[in-house]
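Enquirer: In our numbering, the protein residues as written are 28 to 237.
Source of the hints: derived by calculation from the structure; they are not laboratory data.
Warning: the hint list may mix true and false statements.
Okay, the calculated beta carbon distance ranges per label pair [unchecked claim]:
{"hint": "1", "residue 1": "E146", "residue 2": "L199", "range": "18 to 24 Å"}
{"hint": "2", "residue 1": "N144", "residue 2": "A94", "range": "16 to 22 Å"}
{"hint": "3", "residue 1": "Q178", "residue 2": "A64", "range": "23 to 29 Å"}
{"hint": "4", "residue 1": "G53", "residue 2": "G85", "range": "16 to 22 Å"}
{"hint": "5", "residue 1": "G130", "residue 2": "A64", "range": "23 to 29 Å"}
{"hint": "6", "residue 1": "Q113", "residue 2": "A171", "range": "14 to 20 Å"}
{"hint": "7", "residue 1": "T88", "residue 2": "G53", "range": "16 to 22 Å"}
{"hint": "8", "residue 1": "F194", "residue 2": "A94", "range": "32 to 38 Å"}
With a straight-line Cα cutoff of 35 Å, these simulated DSBU-like cross-link-like pairs (lysine-lysine) come out [claimed, not checked]:
{"hint": "9", "residue 1": "K175", "residue 2": "K46"}
{"hint": "10", "residue 1": "K153", "residue 2": "K120"}
{"hint": "11", "residue 1": "K59", "residue 2": "K208"}
{"hint": "12", "residue 1": "K59", "residue 2": "K46"}
{"hint": "13", "residue 1": "K208", "residue 2": "K153"}
{"hint": "14", "residue 1": "K46", "residue 2": "K120"}
{"hint": "15", "residue 1": "K120", "residue 2": "K210"}
{"hint": "16", "residue 1": "K153", "residue 2": "K46"}
{"hint": "17", "residue 1": "K175", "residue 2": "K120"}
{"hint": "18", "residue 1": "K208", "residue 2": "K120"}
{"hint": "19", "residue 1": "K120", "residue 2": "K102"}
{"hint": "20", "residue 1": "K153", "residue 2": "K175"}
{"hint": "21", "residue 1": "K102", "residue 2": "K153"}
{"hint": "22", "residue 1": "K46", "residue 2": "K102"}
{"hint": "23", "residue 1": "K175", "residue 2": "K210"}
{"hint": "24", "residue 1": "K102", "residue 2": "K210"}
{"hint": "25", "residue 1": "K175", "residue 2": "K102"}
{"hint": "26", "residue 1": "K120", "residue 2": "K59"}
{"hint": "27", "residue 1": "K208", "residue 2": "K46"}
{"hint": "28", "residue 1": "K175", "residue 2": "K208"}
{"hint": "29", "residue 1": "K210", "residue 2": "K46"}
{"hint": "30", "residue 1": "K102", "residue 2": "K208"}
{"hint": "31", "residue 1": "K210", "residue 2": "K153"}
{"hint": "32", "residue 1": "K153", "residue 2": "K59"}
{"hint": "33", "residue 1": "K59", "residue 2": "K175"}
{"hint": "34", "residue 1": "K59", "residue 2": "K210"}
{"hint": "35", "residue 1": "K59", "residue 2": "K102"}
Virtual Cβ for every residue (Gly too), placed ideally from N, Cα, C.
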Amino acid sequence: MLIEYYGHSCFALTSGSTKIVLDPYGPEVGYKMPQRAAAITTVSHDHFDHNHTAAVLGRTTVVRGGAPRQEGTVKIRGVLADHDSQGGSRLGKVTLFCLELEGLRVVHLSDLGHLLNAEQIAEIGKVDVLFVPCGGGDYTLGAAEADKVVQVLQPALAIPMHYRTPFLNRSLFPDLEGVDKFKAARGSSELKVTASDLGSPRRIAMSHLF
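Using the sequences provided together with the hints, build the complete structure.
Expert: Here it is, written out as structure tokens:
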């Protein structure tokens with residue numbers, strides 16, 4: 028499986044001839060979203076920095092919500108969570124997408140704004156690769172909370188997302204923090220993962236692909 032980080036909360040997963048784009052963002056975010064075709068596009072919630080499906084070229088199956096489904100060899104299901112720590116009353120709900128491909132379980136935590144409860148942890152289950160927001164700023168989990176979620180879910184790989192960079196539109200995200208508090212090492216914009224690669228839990232930061 029090939030993982031590409033397009034910036035913010037957007038990733039592309041490639042397994043064989045199948046490409047999946049997770050949470051594409053609009054141009055106002057500040058990054059130049061790569062124009063790529065994808066068989067599947069997931070949208071965790073309808074905020075402009077997560078639902079810009081027009082960035083995906085050609086025909087794509089857009090997946091929203093938690094209903095389990097299978098697209099080709101890829102299994103997808105969602106777990107409902109809150110965007111904020113007030114039960115979603117301020118920013119609404121998000122879908123935490125759990126994907127299974129190539130024998131790996133990949134989980135995208137969207138704009139999770141609170142620690143997971145026991146029911147959500149059980150629904151998510153085993154995690155091999157975790158995409159976790161860590162920028163805080165009253166938008167998502169901060170670094171300390173993100174670390175607690177990683178400790179609970181115990182993924183083999185935890186990849187931070189939704190944090191401040193020099194490219195981000197600061198007027199839209201004035202309080203978003205950088206990744207420094209969370210990262211332990213910085214990787215590349217691409218990461219090839221197989222089941223045999225996954226060992227003890229660790230964190231990596233990936234550079235942007237544009």
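Enquirer: Does each hint fit the structure? Answer for all of them.
Expert: Structure-based check of each hint:
The hint said 18 to 24 Å for the Cβ distance between E146 and L199, and at roughly 33 Å that hint is violated. Against the hinted window of 16 to 22 Å, the Cβ-Cβ separation of N144 and A94 comes to about 21 Å, which satisfies the hint. For the pair Q178 and A64, the supplied restraint of 23 to 29 Å is violated, since their beta-carbon distance comes to about 37 Å. The hint said 16 to 22 Å for the Cβ distance between G53 and G85, and at roughly 19 Å that hint holds.
Between G130 and A64 the C-beta distance comes to about 25 Å, which sits within the given range of 23 to 29 Å. With their beta carbons about 19 Å apart, Q113 and A171 fall inside the hinted range of 14 to 20 Å. Between T88 and G53 the C-beta distance comes to about 20 Å, which sits within the given range of 16 to 22 Å. Under the hint 32 to 38 Å, the C-beta atoms of F194 and A94, about 35 Å apart, fit the expected range.
Taking the CA atoms of K175 and K46, the gap is near 30 Å; set against the 35 Å cutoff, the hint holds. Taking the CA atoms of K153 and K120, the gap is near 23 Å; set against the 35 Å cutoff, the hint holds. Proposed proximity of K59 and K208 is supported: the alpha carbons are some 25 Å apart, at most 35 Å. Restraint check for K59 and K46: satisfied, since their Cα atoms lie roughly 19 Å apart, inside the 35 Å limit.
As the CA atoms of K208 and K153 are separated by approximately 25 Å, the hinted pair is consistent with the 35 Å bound. Taking the CA atoms of K46 and K120, the gap is near 26 Å; set against the 35 Å cutoff, the hint holds. Only pairs whose Cα atoms come within 35 Å are accepted, and K120 paired with K210 is accepted, the gap being roughly 27 Å. Pair hint K153 plus K46 holds up; C-alpha atoms about 23 Å apart against a cutoff of 35 Å.
Restraint check for K175 and K120: the C-alpha separation of about 21 Å stays at or below 35 Å, so the hint holds. As the CA atoms of K208 and K120 are separated by approximately 26 Å, the hinted pair is consistent with the 35 Å bound. The hinted pair formed by K120 and K102 meets the criterion: a straight-line CA distance of about 22 Å does not exceed 35 Å. Pair hint K153 plus K175 holds up; C-alpha atoms about 16 Å apart against a cutoff of 35 Å.
For the hint pairing K102 with K153, the CA-to-CA distance comes to about 14 Å; that is within 35 Å, so the pair holds. Between K46 and K102, the direct Cα distance comes to roughly 13 Å. Compliance with the 35 Å bound is thereby established for this hinted pair. Distance check on the hinted pair: K175 and K210 sit about 14 Å apart at the alpha-carbon level, within 35 Å; holds. As the CA atoms of K102 and K210 are separated by approximately 29 Å, the hinted pair is consistent with the 35 Å bound.
In summary, the hint linking K175 to K102 is supported, as the alpha carbons are separated by about 27 Å, within the 35 Å threshold. Of the pairs offered as hints, the one joining K120 and K59 holds, with about 26 Å between alpha carbons and a cut-off of 35 Å not exceeded. A hinted pair counts as satisfied when its Cα atoms are at most 35 Å apart, and K208 with K46 qualifies at roughly 31 Å. Only pairs whose Cα atoms come within 35 Å are accepted, and K175 paired with K208 is accepted, the gap being roughly 13 Å.
The suggested pairing of K210 with K46 holds, with an alpha-carbon distance near 27 Å, which does not exceed 35 Å. For the suggested pair K102 and K208, the alpha carbons sit about 33 Å apart, so the restraint of at most 35 Å is met. A threshold of 35 Å between alpha carbons decides the hint, and for K210 with K153 the separation of about 22 Å falls inside it, so the pair holds. Between K153 and K59 the CA atoms are separated by roughly 33 Å; this keeps the pair inside 35 Å, and the hint holds.
Taking the CA atoms of K59 and K175, the gap is near 31 Å; set against the 35 Å cutoff, the hint holds. For the hint linking K59 to K210, the alpha-carbon distance of about 23 Å falls within 35 Å, and the restraint holds. In summary, the hint linking K59 to K102 is supported, as the alpha carbons are separated by about 29 Å, within the 35 Å threshold.
Checked against the numbered hints given earlier, the structure breaks hints 1 and 3 and satisfies all the rest.
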